[in-house]
Amino acid sequence: MAKKLEEIAYPASPALGTAKRQGFWGWLYQWLTTVDHKRIGLIYMAIGIFYLGVGGIQALMMRVQLASPENEIFTGNFFNQLFTMHGTNMIFFAAMPLIFGLFNYIVPIQIGARDVAFPFMNALSVWLTFFGALLLNITWFFGDAPAAGWFAYVPLGLKELSPGPGMDFFVLGLQIAGFGTLMGAINFIVTILNMRAPGMTLMRMPLFTWTALISSALVLFGFPPLTVGLFLYSFERIFGGIFFDPALGGNPVLWQHLFWIFGHPEVYIVILPAFGIVSEVVATFSNKRVFGYPTMVIAIVLIGFIGFGVWIHHMFTVGLGAMVNAIFAVATMLIGIPTGIKVFNWLFTMWGGQLRFTTPMLFAVGFIPTFVIAGVTGVMLASAPADYQYQDTYFVIAHFHYTLFGGTVFGVLAAIYYWFPKMFGRMLHEGLGKINFWTMFIGFHLTFFPMHFSGLFGMPRRVYTYNAGVGLEFFNLLSTIGAFVMAFSTLLLLANIIYGFTRGEKASNDPWGTGRTLEWSVPSPVPEYNFAQTPLVRGLDAWWLEKMEGKNRMPVAEPLRPIHMPSSSILPFIMAFGVFVAGFALIFHHYYLTLIGLGILGIAMVVRSMNDDEGYHIPVEEIRAVEGEGS
Amino acid sequence: MAAEQHATTGLNAGDRLRLGLASRTLEGRNKILGFWFFLGGESILFASLFATFLVLRHQTGDGPKPEELFGYGLVFVLTFLLITSSLTSIFAVNAMERGNARVTAGWLGVTIALGLGFLLLQIYEFYHYVHEGLGYTTSAFASSFYTLVGFHGFHVAFGLCWLTAVTVQVVQNGVNVVNAPKIFISTLYWHFVDVVWMFIFTVVYLMGSLGV
Amino acid sequence: MRRRAIVFALLGLILVVLTGCQQQYEMSVFDTAGPVAKMQKDLIWLAIYIMSFVVAVVTVILIYVLIRYRKKPGDVEPPKQMEGSLLLEFIWVIVPIILLTILAIPTITTTFALDKVQAGENVIDVKVKGAQFWWEFEYPDYGIVTAQELHIPTGTKVNLYLETKDTLHAFWVPRLAGKTDLISGRTNFMWFEADKPGTYIGKCAELCGDGHGVMDFLVVAEEPEAFQRWVDNMKNPKTQPTSPLAEEGEKIFAQSCASCHAVTGTDFKGTAGPNLTGFGNRETVAGYLKKTDENLKKWIKNPEEVKPGSLMPAVPLKDEEIEALVAYLKDLK
Chain P
1 MAKKLEEIAY PASPALGTAK RQGFWGWLYQ WLTTVDHKRI GLIYMAIGIF YLGVGGIQAL
61 MMRVQLASPE NEIFTGNFFN QLFTMHGTNM IFFAAMPLIF GLFNYIVPIQ IGARDVAFPF
121 MNALSVWLTF FGALLLNITW FFGDAPAAGW FAYVPLGLKE LSPGPGMDFF VLGLQIAGFG
181 TLMGAINFIV TILNMRAPGM TLMRMPLFTW TALISSALVL FGFPPLTVGL FLYSFERIFG
241 GIFFDPALGG NPVLWQHLFW IFGHPEVYIV ILPAFGIVSE VVATFSNKRV FGYPTMVIAI
301 VLIGFIGFGV WIHHMFTVGL GAMVNAIFAV ATMLIGIPTG IKVFNWLFTM WGGQLRFTTP
361 MLFAVGFIPT FVIAGVTGVM LASAPADYQY QDTYFVIAHF HYTLFGGTVF GVLAAIYYWF
421 PKMFGRMLHE GLGKINFWTM FIGFHLTFFP MHFSGLFGMP RRVYTYNAGV GLEFFNLLST
481 IGAFVMAFST LLLLANIIYG FTRGEKASND PWGTGRTLEW SVPSPVPEYN FAQTPLVRGL
541 DAWWLEKMEG KNRMPVAEPL RPIHMPSSSI LPFIMAFGVF VAGFALIFHH YYLTLIGLGI
601 LGIAMVVRSM NDDEGYHIPV EEIRAVEGEG S
Chain U
1 MAAEQHATTG LNAGDRLRLG LASRTLEGRN KILGFWFFLG GESILFASLF ATFLVLRHQT
61 GDGPKPEELF GYGLVFVLTF LLITSSLTSI FAVNAMERGN ARVTAGWLGV TIALGLGFLL
121 LQIYEFYHYV HEGLGYTTSA FASSFYTLVG FHGFHVAFGL CWLTAVTVQV VQNGVNVVNA
181 PKIFISTLYW HFVDVVWMFI FTVVYLMGSL GV
Chain W
1 MRRRAIVFAL LGLILVVLTG CQQQYEMSVF DTAGPVAKMQ KDLIWLAIYI MSFVVAVVTV
61 ILIYVLIRYR KKPGDVEPPK QMEGSLLLEF IWVIVPIILL TILAIPTITT TFALDKVQAG
121 ENVIDVKVKG AQFWWEFEYP DYGIVTAQEL HIPTGTKVNL YLETKDTLHA FWVPRLAGKT
181 DLISGRTNFM WFEADKPGTY IGKCAELCGD GHGVMDFLVV AEEPEAFQRW VDNMKNPKTQ
241 PTSPLAEEGE KIFAQSCASC HAVTGTDFKG TAGPNLTGFG NRETVAGYLK KTDENLKKWI
301 KNPEEVKPGS LMPAVPLKDE EIEALVAYLK DLK
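Protein sequences appear in the order of chains P, U and W. For the first sequence, position 524 matches number 524 in our numbering, and the numbering has no gaps at all. For the second sequence, position 23 matches number 23 in our numbering, and the numbering has no gaps at all. For the third sequence, position 185 matches number 185 in our numbering, and the numbering has no gaps at all.
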């Protein structure tokens with residue numbers, strides 16, 4: 001039994017660092033000090049999956065309460081805490097980490113690089129995310145959780161109406177994680193612009209990499225308004241600054257602007273990567289190149305660009321005036337066009353192809369009609385006067401779950417099934433995967449489709465109960481049943497992942513057979529250095545191109561020689577820990593402890609700056625040994 | 001040796017030597033490009049702080065108004081110090097390109113001294129305003145003023161620490177392809193801080209003292 | 001086998017969609033009772049028609065592709081790789097632009113139409129003030145204040161001026177009009193009109209705290225003569241207790257309630273809580289419960305249980321005292 005558990009917890013896998021017998025602490029230290037983009041990617045994904053579970057439980061609790069209008073299980077303030085934590089956890093600590101995890105693991109390999117531009121900062125990013133998530137979620141142990149919704153409108157979230165520390169945990173947890181996200185974005189942008197293998201022009205990059213580039217640009221320009229907003233919020237709550245409280249001369253709408261100037265790009269940050277994944281998966285399992293690649297690139301850029309000019313549609317009912325509403329209504333509708341381009345291009349990628357319905361393909365294909373529904377309800381919401389009816393009702397909840405779950409999460413699930421063999425050298429169980437897909441697909445639509453009706457028939461958002469006898473019981477019951485089906489499906493996913501770690505069939509470098517991009521040219525799991533020799537790229541879908549010419553390896557751009565790798569370091573973990581301590585202390589107004597936390601950060605930064613680490617080299621014999629046993 | 005290891009394919013030795021010292025290695029080019037993007041994000045950050053200030057600046061409550069507080073003299077000195085320190089940081093980078101570690105460290109030292117002067121004077125300025133009745137929590141104008149200008153001041157302080165660390169490294173290790181990128185981007189940061197000050201000078205002090 | 005699966009899927013889809021076609025939707029945005037909601041409903045239907053077309057096109061192509069281009073045993077060579085088609089890209093850019101324009105034009109005109117302060121013959125103004133967790137309605141033209149039930153005359157445009165006493169709220173009566181937020185520090189404007197007499201449920205639609213979910217109110221639309229009678233009664237309400245029990249209740253009210261609650265025509269002038277003039281005529285307790293004696297007693301005895309976060313304190317009263325209060329309140333007509 002113990003051995004079985006050990007097998008599950010530390011499966012013998014070079015990807016998980018358990019090839020050598022080193023005991024638990026040695027294994028843990030390896031993970032805490034890693035600067036390898038692949039390990040960091042896996043840490044991100046572990047964080048994401050964990051908080052997907054936490055947020056999911058919070059969702060189930062709400063659905064139990066809402067199954068009947070007579071329920072008094074979770075009411076009032078506690079219910080408000082549930083939806084606040086659910087939304088915040090899902091967006092910041094499930095969706096974002098899952099996406100950044102995939103960027104981290106896959107993008108450097110897709111562009112033929114050995115790591116990201118700043119491996120040390122990469123580690124810092126993931127640990128800041130980890131500690132930010134932790135800081136928010138320990139709020140439960142210190143009284144109430146934040147209860148003002150994930151967008152924390154003022155004055156409700158300010159000190160007078162939210163006197164407990166919950167909102168401070170919210171503001172500081174997000175702020176800390178936000179710094180990590182910003183650093184990550186800069187990392188990906190520089191990596192993609194500067195470190196592509198020879199021959200890989202921008203227009204030969206895989207679409208997933210393109211979405212990583214544009215999403216990162218959205219982070220870079222979209223997060224700072226949130227950063228400022230959170231600073232102002234915390235200064236108002238902790239130091240008595242006057243920014244948002246109108247009684248004192250502040251302006252509550254200012255927070256809304258700052259939040260949504262971030263908030264709208266944020267949703268494009270999480271959906272664009274899903275688009276990228278769908279492009280990859282659909283092309284691979286149609287055995288056909290993406291239809292209209294240049295237009296797909298333009299669409300991604302347009303979506304990113306227009307995404308900065310529509311934030312007022314979250315504020316149509318704030319009374320900003322007809323002119324403002326009309327302009328932003330039209331701007332919002334415009335985003336439908338590049339999105340439509342993408343949908344049709346996917347359909348025509350499949351047209352004339354040879355479709356294989358593996359689990360990743362099922363999720364990618366399931367994504368398409370689901371996201372189309374999401375998109376059309378988005379256009380409906382864009383019409384401002386109609387939005388006066390939809391706004392703050394379950395119709396909006398339906399829309400954004402169709403985009404976030406039916407879009408982002410389906411995309412991530414496709415990615416997990418698609419790239420698991422690459423990451424771990426083992427296949428997931430295909431039969432179980434198919435059941436996972438169908439239960440998830442059915443459960444999802446069962447949960448969220450009725451919500452369109454709940455909203456149209458009079459149910460606002462963020463309510464712990466609803467009017468009996470006006471037709472809402474049936475829809476709410478369906479949603480609750482669907483939620484439990486989704487929960488069951490999630491358990492299947494976890495079971496499949498455990499199966500994959502322990503009993504999955506061994507995977508070759510190109511286990512799907514029809515891989516098109518560079519990651520399929522390296523062994524599974526991917527060696528520490530990614531490429532024994534940097535590849536030479538001769539066109540779009542570089543790996544597929546070589547395969548079609550009968551080759552089974554990429555041409556190389558450099559001789560076989562010792563590979564330079566960056567050294568591991570515990571400093572990123574220490575820095576993030578210092579920030580965590582400072583944040584925690586600030587919540588309780590322990591200013592000395594805050595300074596100590598910042599001091600830890602400062603000292604670590606100085607140590608890092610003064611210490612020019614040369615890294616180390618992997619000798620050629622080791623490279624040969626790894627390449628010999630792989631693929 | 002380090003230069004070869006850090007090189008990227010596609011650049012021959014001749015190309016590499018024509019680039020500035022900071023751009024000879026892949027690490028250097030990455031740092032410089034990354035830092036420009038970082039400054040892009042910082043620009044949006046300061047833009048948000050400026051927007052906040054512009055929205056709240058007329059809410060002076062019972063506290064002092066900008067016309068009553070701001071004088072040109074102090075602000076002129078502050079501006080002079082900061083602009084000059086930007087200039088001296090350019091001299092430092094020029095010396096770096098010529099490979100002269102002593103002169104580089106010297107000009108960096110002058111930059112730090114001028115920046116320190118700015119910071120101390122700004123701290124005195126805030127102290128003075130508090131005495132005139134403008135506390136952090138006096139009014140929305142007060143809060144947004146101190147937050148915007150204070151954030152800038154924090155950036156100055158951080159920049160000084162950074163420049164100091166870089167100067168120490170120049171003194172210890174001379175000027176080479178490893179610390180050249182650090183010198184370059186720390187001075188780039190310093191220029192950014194200076195540019196932000198130009199906006200603060202205009203939007204906060206000039207417009208404020210004219211009652212605009 | 002494949003065909004059966006598709007049939008089942010379509011039936012399932014139809015079932016899910018048809019769930020939208022039940023009776024008894026008293027708060028449906030489709031069951032409009034006034035011109036504003038009707039304009040919004042027309043936009044909603046226009047959007048649904050256009051978007052259904054889009055969904056249909058995508059679905060048809062998708063299903064065709066999934067069936068027709070399955071990999072077959074004979075497929076050994078990879079399929080022909082298509083780079084793209086500029087013509088197709090044009091089509092699926094131009095057609096959506098046209099469809100969006102069809103939606104955008106009425107969107108813009110309606111947006112402006114809904115933002116105009118209504119003037120002319122049949123118009124009244126109402127000031128709406130939201131608070132945690134109740135609604136106050138003031139009629140500046142008539143000099144009356146009421147709470148929780150907004151009376152309006154039918155066939156009359158009602159200009160609403162929306163303010164909040166504390167945090168954000170939103171005023172939403174689905175069958176009459178879309179919502180507008182109540183923003184701290186500002187006055188927002190919207191207008192609506194009821195075509196026919198009726199009682200319409202209103203909801204708070206912006207998170208405002210613990211009691212947000214039960215911060216309901218009612219809009220009572222009456223024929224203009226009936227409305228005028230209501231106004232007159234509000235100016236000159238019945239406030240005399242009609243029984244000894246109610247007299248007891250009046251004394252208790254003076255002691256325990258008058259500091260927050262006002263009643264026109266008495267010395268009770270509290271403004272922290274809802275105005276209780278004519279409370280005996282109202283349909284609800286606490287804004288959402290049916291006004292039965294039992295509910296009223298429950299509300300007075302333990303407000304927190306009825307409305308979480310309610311700022312009405314649970315005044316320690318004996319059951320007989322609560323009965324007396326109830327009798328008095330019912331006499332306020």
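Just so you know, the hints here were simulated from the structure itself, not pulled from any lab data. Just to be clear, a hint being listed does not mean it is correct.
[What the hints assert, rightly or not] Calculated lysine to aspartate or glutamate pairs in the EDC-like style (CA-CA distance at most 16 Å, straight line):
#, chain 1, residue 1, chain 2, residue 2
1, U, 182, P, 70
2, W, 290, P, 612
3, W, 333, W, 223
[Said to hold, decoys possible] In silico contact screen, one side only, chain P against chain W (beta carbon under 7 Å); selected entries:
#, residue
4, 56
5, 161
6, 165
7, 324
8, 337
9, 347
[What the hints assert, rightly or not] Here are a few chain W residues that sit away from chain P, every Cβ distance over 12 Å (derived from the structure):
#, residue
10, 42
11, 72
12, 76
13, 107
14, 123
15, 124
16, 143
17, 202
18, 203
19, 243
20, 244
21, 251
22, 321
Backbone N, C-alpha and C fix where the C-beta goes; we use that ideal spot for every residue, glycine too.
Comparing the hints with the structure gives:
1. 182/U <-> 70/P: Roughly 65 Å separates the two Cα atoms, so the pair is violated.
2. 290/W <-> 612/P: Roughly 74 Å between the alpha carbons, so the hint for residue 290/W and residue 612/P is violated.
3. 333/W <-> 223/W: 19 Å, violated
4. 56: Constraint on residue 56/P not satisfied, violated at 22 Å.
5. 161: 6 Å, holds
6. 165: 17 Å, violated
7. 324: 9 Å, violated
8. 337: Check passed: Cβ of residue 337/P comes within 5 Å of chain W, closer than 7 Å.
9. 347: Holds, because the Cβ-Cβ distance from residue 347/P to chain W comes to roughly 5 Å (cut-off 7 Å).
10. 42: Violated, because the least Cβ-Cβ distance between residue 42/W and chain P comes to about 9 Å, which does not exceed 12 Å.
11. 72: Residue 72/W is in fact no farther than 12 Å from some Cβ atom of chain P, at 8 Å.
12. 76: Label violated. Min Cβ-Cβ 10 Å, cutoff 12 Å.
13. 107: 4 Å, violated
14. 123: Consistent with the label, residue 123/W stays out of reach of chain P, its closest Cβ about 19 Å off (over 12 Å).
15. 124: 20 Å, holds
16. 143: Label holds. Min Cβ-Cβ 26 Å, cutoff 12 Å.
17. 202: Residue 202/W not clear of chain P: closest Cβ-Cβ about 10 Å, inside 12 Å.
18. 203: The claim breaks: residue 203/W does not keep its Cβ more than 12 Å from every Cβ of chain P (closest is about 5 Å).
19. 243: 33 Å, holds
20. 244: 37 Å, holds
21. 251: Non-interface label on residue 251/W holds, nearest chain P Cβ at 33 Å vs cutoff 12 Å.
22. 321: 27 Å, holds
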